[in-house]
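Asker: Generate the whole structure from the sequences, applying the supplied hints.
Those protein sequences? They're chains E and A, same order as listed. Heads up: the first sequence runs through residues 163 to 293, numbered per the working numbering. Heads up: the second sequence runs through residues 6 to 391, numbered per the working numbering.
Just so you know, the hints here were simulated from the structure itself, not pulled from any lab data. Each residue gets a CB set at the ideal place from its N, CA and C atoms; glycine is no exception.
So, partial list: chain A residues that the calculated Cβ filter (under 10 Å) puts toward chain E:
(1) Glu133
(2) Gln141
(3) Phe142
(4) Ala144
(5) Ala145
(6) Ile147
(7) Val252
A short list of chain E residues far from chain A (calculated; beta carbon distances all over 12 Å):
(8) Pro176
(9) Arg178
(10) Arg207
(11) Val287
(12) Glu290
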Amino acid sequence: MRAIAQGLFTDETPPRLIGGKDRETGRIVYPCPDAPTYDPVPLLREGTLWSWTVQRFRPKSPPYAGPDSFAPWVVAYVELPGQVIVQARLVDVAFEDLRVGLPVRFAPAPLDPANPDGVLVPAFVPMEAAA
Amino acid sequence: MSDVCIVGIGIHPFGRTDGVSGVDQGVFAVRQALADAGIDWPQVQFAYGSSDAAGNPDTMVDRLGLTGVQFINVRNGCAAGGSALFSAQMAIKSGEFDIGLAVGFDKHPRGAFNALPAEYNLPDWYGEVGQMVTTQFFAAKIMRYMSLFGISQKSLGMVAEKAFRNAVHAPHAWRRQPVALEDILAAPLVSDPYTKYMFCSPGEGGVALVLASEKKARELGKPLIRLKAATMRTRPPHSFEVFAPSVDVVADDTGPRGTASRIASADAYRMAGMGPADIAVAQLQDTETGAEIMHMAENGFCADGEQERWLAEGRTEIGGALPVNTDGGCLACGEPIGASGLRQVYENVVQLRGDGGGRQVPGDPKTAYSHVYGAPGVSAVTILER
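Answerer: Pasting the structure below:
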């Protein structure tokens, strides 16, 4: 399986997200901007849930490229300590277990759960599920 | 320096008006505002017009008259109306003009705003994975705020319940049927914790305001509604904004982050020589119910977390200590971007004149506050005084 875009994940197994470090200020952003003033840096695998919501309706296409069938998913903001807070999906979690501060680990997930050969999108799982 | 005064107001009803273009809704509002001020179009020396999606405002000279008037178009996201008003008052303050117009209108397609990543300098994959959705941001912002400051989902519902109840008495509002709190809370979730009643919808509408120098306002014999402050500001570092794939980490993340609203608000109070306690009625950006709650604190009216008690005590009701969104706000009026900020000022003038009818704030209010906020971190505030 491949990532939905180049330069999003590292090539290692398991992969990490790639952020961009501002050469002047050291500020880290995500994704890494396509600009010479940023150096790509691998981001931490583990972090905590900074905030979240549940996407309850199928987003408009375009730009959404997911399957026609729709099941609600968790939109997460994950704090990677000392680096940056990233927006990604949170999978393998019951909605009632969601809370700010929940420990999570990076684990890319398929855009279409019914098509495991499709593309992978940035996602996290709860630490307990990742163990 | 003498004050800039608002001497005429006009509004085309918000909501859906099939068969009437956005520009024509703006023209409708202008004619009403001119009549209210007791002037004719040729007396208008300049205009600033805002529209996000319904064409160039200056094309309305076709309808209003080819007087050669200076007419400048303004696009500034959700702060477009506020920016038009700011520009108009500057034109009078500068001494260049005595009387002119701020007008805003819009006409958005049904459904959520449909944004594309390239328009926001974002990679295509951000939209492909389903993150180009404004409601995700608003929901995630309030979810963290609720966690930090103990705001309940019931309070989110109470704000919507108040909005529809106030709008019953606002002829220009769109959704004018009361909705019971339990129905609001039990409605389908759009994006947790918000149900469908807790988000406003893009819509249509037009608003026009005639502004004049104090000298001119006295000549017209109008009650002096003074524009004591008008500010438009952009975001500070580390703020959390719509369509953000990442957010900065900060050393102490237990408090609220800086926002454009906080800057615009603080500067408006300073310019007006007033504080939050001096304000009698406020229109605060309420694109979602949590926005009204967070903006109560961001505009200095209460501390973060106090909103829960404020709502329980009814302090933001029309008869409360600080009535908020007396015409139902964006929740009941919808959000035609170019007109929305000017609607708030329209409503404040109605309140200061005592013309609010069933939604009139009691006690003869003398001061009124308006606030808009929008992508990508812009805010505009006004303070009026009679």
